[in-house]
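Enquirer: Put together the whole structure using the sequences plus the hints.
As they're listed, the protein sequences go chains E and X.
Note that the first sequence covers residues 1 to 272 in full-length UniProt numbering.
Note that the second sequence covers residues 1 to 317 in full-length UniProt numbering.
None of these hints come from the bench; they were simulated from the model.
You may find that some hints are simply not true.
[What the hints assert, rightly or not] Chain E stretches covered by chain X per the calculated footprint, using a threshold of three residues with CB under 8 Å from any CB of chain X: (1) 8-19; (2) 97-104.
[What the hints assert, rightly or not] If we take Cβ atoms under 10 Å as the criterion, some of the chain E residues that face chain X in the derived model are: (3) 22; (4) 23; (5) 30; (6) 108; (7) 111; (8) 203; (9) 266; (10) 271; (11) 272.
[Said to hold, decoys possible] Have a look at the derived ranges for each label pair, beta carbon to beta carbon: (12) X:119 - E:10: 57 to 63 Å; (13) X:25 - E:111: 25 to 31 Å; (14) E:148 - X:131: 43 to 49 Å; (15) E:187 - X:218: 36 to 42 Å; (16) E:268 - X:297: 49 to 55 Å; (17) X:10 - E:124: 43 to 49 Å; (18) E:265 - X:169: 30 to 36 Å.
On a predicted model such as this, the values are computed, not experimentally measured, just so you know.
The beta carbon of each residue, even a glycine, is placed where N, CA and C say it ideally should be.
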Amino acid sequence: MSTVTAAAPRARLRWALSDAYVITRRDVQHWANQPVAFAVGLLFPVLMVLMFGYVFGGAMVVPGGGSYREFLLPGLFALTMAFGLEVTMISVATDAARGVTDRFRSLPMHPAAVVVGRSAADMLNAALGLAVMLGCGLLVGWEPHRGALRALAAVALLLLLRWALVWVGVYLGLLAKGPESIVTVQILVWPVGFLSSTFVDPSTMPGWLGALAEWNPLSATVAACRELFGNPGFGGTSFAAEHAVELALAWPALLVAVFLPLSVARFRKLSS
Amino acid sequence: MSPPAVLAEELSKSFRTVQALDRFDLAVPAGTVCGLLGPNGAGKTTAVRILTTLLRADAGRAAVAGFDVAREPTRVRASIGLVGQHAAVDEALTGRQNLEMFGRLHHLGRRPARSRASELLERFGLADAAGRAVSTYSGGMRRRLDLAAGLILAPAVLFLDEPTTGLDPAARLDVWQAVRRLVADGTTVLLTTQYLDEADQLASRVCVVAGGHVVAEGTPQQLKARLGADRVEAVVRRTEDLGTASALVGGAAAAEPEVDVATRRVRVPARSGVATLAAVLEALGRSGVEVEDVGLRRPTLDEVFVSLTGRPAQVAA
Ligand SMILES: Nc1ncnc2c1ncn2[C@@H]1O[C@H](COP(=O)(O)OP(=O)(O)OP(=O)(O)O)[C@@H](O)[C@H]1O
Ligand SMILES: [Mg+2]
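Expert: Below you can see the structure in the form of structure tokens.
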């Protein structure tokens, strides 16, 4: 009756890709079915640009001089990526609570298809969100100054951070008892988001807090983006400031190294 | 004889301190319906989850459609349909999108998945709601969609975990009809239920589960027979006649009668079946005691359930 019996490796790979595609497409269908929620998700970061860029912007002093919005935007790009963690976590926790995950596990699917499909959908969402943010940034006077190649490298670092957070989100989503537990994570994500170089220069914070902010994985991506876009506010003499790009690669790599195996183990544990 | 479609041998499973399954044995011959009957927490869902590869047993062995659930889970999954205790559908998709997605994940092509979805939506009375998000469905509609999702491929073995809980009587009949149709086409069904009439209606064999293992097994008739023979029951109109009636009924049946004052009922084993009934009727008729009801009663599955598990079963609304 089914086509999976004793499939050759080639056919297995084809089904794995097809299964992952179906899972990814499911999210696209969600967006199409709930266009308002989808649009709000994309436009919330734009609201942050307006709030922080114009409401607080006048009072902010940029380290080394320059426009606050030029300083702010790379920070908001990275913060948007970080908030994406909640998107992944809610999706995973909702599927688990509704029994959809179990339904998938009872089907003759490739075992990796669900997470591969999940990460593809989240990356698609992140890329769209980032495109909206970049467009919005250009409208409010932000721009990259160091050429298209470096700008693309910055975009790649932003997406790398988001991809690393997919695995954190999958793990936390599986750990959660239901989508309600998301509140706990939101409470944690916000301080991590603000205790960084996103909005202000860490050197203006009290010593220990500044150090914490400077070593925040989010700050690494923010600093690397400021450097690659040529926006004001990068530099400094600390190790973290001098090695921003390296750290923006190392932090996500570390997150993936820790949370990908944890997620896989957690998936396995569902059946123990 | 072909090997059983579902086989469990000494399955054990515990969660921390709870022993959910304790050397659970089961064999369901291909093409039959087996009902797992048991009170809350008996281990029915745990057994179904192990048999459908969602959960690994601590000990024991299980095979479904001839494949070992631990060693060949993918082959098991390709042979089964599962309708879990709680509806497992995507709330943010429409009914049709759900079925098409599950069809694709069963590796149907795009077009076959679409036509199968239409067929199932029609059959489960969801055609009108097919284009609406499932979050707008009633509980019964969700349940029916969930059933449809478990039937995409007309599986060799179908697991139904309390499939009609929360359905209205008409929808329950629809589900029973759908199950009978599948069985006629050769599907083996393992059904868990707390509704005794459901087991009576659908199952050719019933296994009563309590405390993680099967405590009794047989056809519904055999299980009822275990409780003893048929009985004659008479209900008198006036309570003061109970003494006379009891003596008459006991004499006619040549057995010790039981008297229930609250319901004005006299009950006696019908050793000779209909002949006992006739004797009781004659004795009561001659005496002039006013009688509301006399009849031959067979023990119900409910009584079987209580006597085996020490707990009353739920009765369908
Ligand atoms: N994931 C779990 N973690 C801890 N305990 C569990 C888990 N799943 C089941 N149990 C326990 O195992 C026992 C059997 O549960 P199971 O769900 O199999 O019962 P059931 O017969 O399906 O009951 P019901 O009729 O209420 O659905 C119960 O005591 C339950 O509390
Ligand atoms: Mg159950």
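Enquirer: Each of the hints needs a verdict: does it hold here or not?
Expert: A quick look at each hint next to the structure:
Requiring three or more residues with a Cβ within less than 8 Å of a Cβ of chain X, the coverage given for the region 8-19 of chain E holds, as 3 such residues are present. Interface restraint, the region 97-104 of chain E with chain X: holds (6 residues with C-beta to C-beta distance below 8 Å; minimum three). At about 5 Å, the closest approach between the beta carbon of residue 22 of chain E and any beta carbon in chain X falls short of 10 Å, and the interface hint on this residue holds. Hint status for residue 23 of chain E: holds, given a least beta-carbon distance of 8 Å to chain X, under 10 Å.
For the restraint placing residue 30 of chain E at the interface with chain X, the shortest Cβ-Cβ distance is roughly 5 Å, inside the 10 Å limit, so the hint holds. Here the hint on residue 108 of chain E is kept, as its CB sits about 4 Å from the closest CB of chain X, short of 10 Å. Interface restraint check: residue 111 of chain E against chain X, minimum CB-CB distance 9 Å, threshold 10 Å, status holds. With a least beta-carbon distance of about 45 Å to chain X, the hint placing residue 203 of chain E at the interface is violated under the 10 Å criterion.
At its closest, the beta carbon of residue 266 of chain E sits 15 Å from a beta carbon of chain X; the interface hint therefore is violated under the 10 Å criterion. For residue 271 of chain E, the interface hint holds, the least distance from its beta-carbon to any beta-carbon of chain X being 5 Å, beneath 10 Å. For residue 272 of chain E, the shortest C-beta to C-beta distance to chain X is roughly 6 Å, which falls under 10 Å, so the interface hint holds. The given range of 57 to 63 Å is broken by residue 119 of chain X and residue 10 of chain E, whose C-beta atoms sit roughly 31 Å from each other.
Distance hint check: the CB atoms of residue 25 of chain X and residue 111 of chain E are about 30 Å apart, consistent with the given range 25 to 31 Å. Residue 148 of chain E and residue 131 of chain X have their C-beta atoms about 44 Å apart, which keeps the hinted 43 to 49 Å range intact. For residue 187 of chain E and residue 218 of chain X, the Cβ-Cβ distance of about 56 Å falls outside the hinted range of 36 to 42 Å, so the restraint is violated. The hinted range of 49 to 55 Å is satisfied by residue 268 of chain E and residue 297 of chain X, whose Cβ atoms lie roughly 53 Å apart.
Remark: the range hint 43 to 49 Å for residue 10 of chain X to residue 124 of chain E is upheld by a beta-carbon distance near 48 Å. A hinted range of 30 to 36 Å is violated for the C-beta pair residue 265 of chain E and residue 169 of chain X, which are about 46 Å apart.
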